[in-house]
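Using the sequences and the accompanying hints, generate a full structural model.
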Amino acid sequence: MFDSFHIELDGRDLEIQTKRFDCILETYRQGDWIAGATFGIAVYFDVLHLDADGRLVYSPDGVRVRTLTLFVVIAHGVFVTYQLCDGELTSEAIAQKLRQLREEWRNSSRLHSVLVESLQTKQEQIRLLQARLNRAAAVIDSARRLRSGDPLNGIFDRFREETQRLIKGDEPLDVVAWVLANDEAATGSFRDNAGSDPLAEYRL
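Be aware that the sequence shown starts at 1, since it is given in my numbering, and climbs by one per residue.
A few of these clues could be false.
Unchecked claim - The calculated label-pair distances, taken between Cβ atoms and stated as ranges, are:
id	residue 1	residue 2	range
1	Q83	A35	19 to 27 Å
2	F2	T90	42 to 50 Å
3	R145	Y44	50 to 58 Å
4	D46	R158	52 to 60 Å
5	T67	R144	27 to 35 Å
6	R102	R145	55 to 63 Å
7	T121	T90	31 to 39 Å
8	L84	M1	22 to 30 Å
9	L84	A181	29 to 37 Å
No lab work stands behind these hints, which were simulated from the structure alone. Each residue gets a CB set at the ideal place from its N, CA and C atoms; glycine is no exception.
Shown next, in the form of structure tokens:
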């Protein structure tokens with residue numbers, strides 16, 4: 001069993017496996033709280049070998065690889081950042097980098113800013129997920145109404161693309177899949193025109 005960190009390298013997602021924490025097959029990205037992480041500032045490293053396609057190679061013998069040293073910073077249980085260095089660093093260079101990163105992240109102002117930003121990001125992800133689920137539930141309700149012969153001609157039905165898809169005969173499961181995968185469907189078509197209110201920025 002293991003857990004996985006997801007990092008970005010050359011615009012691609014790269015999954016790094018670890019047995020350092022609770023090993024519950026969990027996946028972690030920046031801003032995630034890590035099950036089994038210790039309190040305080042912790043920095044870990046790993047040496048990565050990648051093939052020509054950017055995939056991890058676990059047995060590099062006889063294979064031409066690109067080697068990188070990865071550093072992962074965890075602050076009070078939260079995966080806050082990572083750094084990649086070219087090549088396999090020496091033990092002294094690794095120890096120096098570990099000390100440097102620990103000192104940098106002991107800066108409470110910097111840490112506070114990153115944790116707040118992570119919280120905001122997670123809250124927005126939760127909001128979008130809840131919106132998707134709500135609209136998926138509405139698709140199911142509309143499909144049931146349509147099956148029972150109830151015309152979908154309410155004032156809001158006319159403006160919801162998912163409802164129009166059902167009326168055209170699209171399969172309900174296809175419409176649910178579209179809603180769950182579509183950012184625009186999740187955020188909805190009705191938005192306040194905050195730009196018309198000069199005090200919008202300050203309203204609670």
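Comparing the hints with the structure gives:
1. Q83 x A35: 19 to 27 Å: holds (23 Å)
2. F2 x T90: 42 to 50 Å: Because 27 Å falls outside the window, the suggested range is violated.
3. R145 x Y44: 50 to 58 Å: Holds, since R145 and Y44 (Cβ atoms, about 54 Å apart) stay within the stated range.
4. D46 x R158: 52 to 60 Å: Holds: the Cβ-Cβ distance is about 55 Å, inside 52 to 60 Å.
5. T67 x R144: 27 to 35 Å: violated (57 Å)
6. R102 x R145: 55 to 63 Å: holds (59 Å)
7. T121 x T90: 31 to 39 Å: With a Cβ separation near 36 Å, T121 and T90 satisfy 31 to 39 Å, so the hint holds.
8. L84 x M1: 22 to 30 Å: holds (26 Å)
9. L84 x A181: 29 to 37 Å: Since L84 and A181 have Cβ atoms about 31 Å apart, the given range 29 to 37 Å holds.
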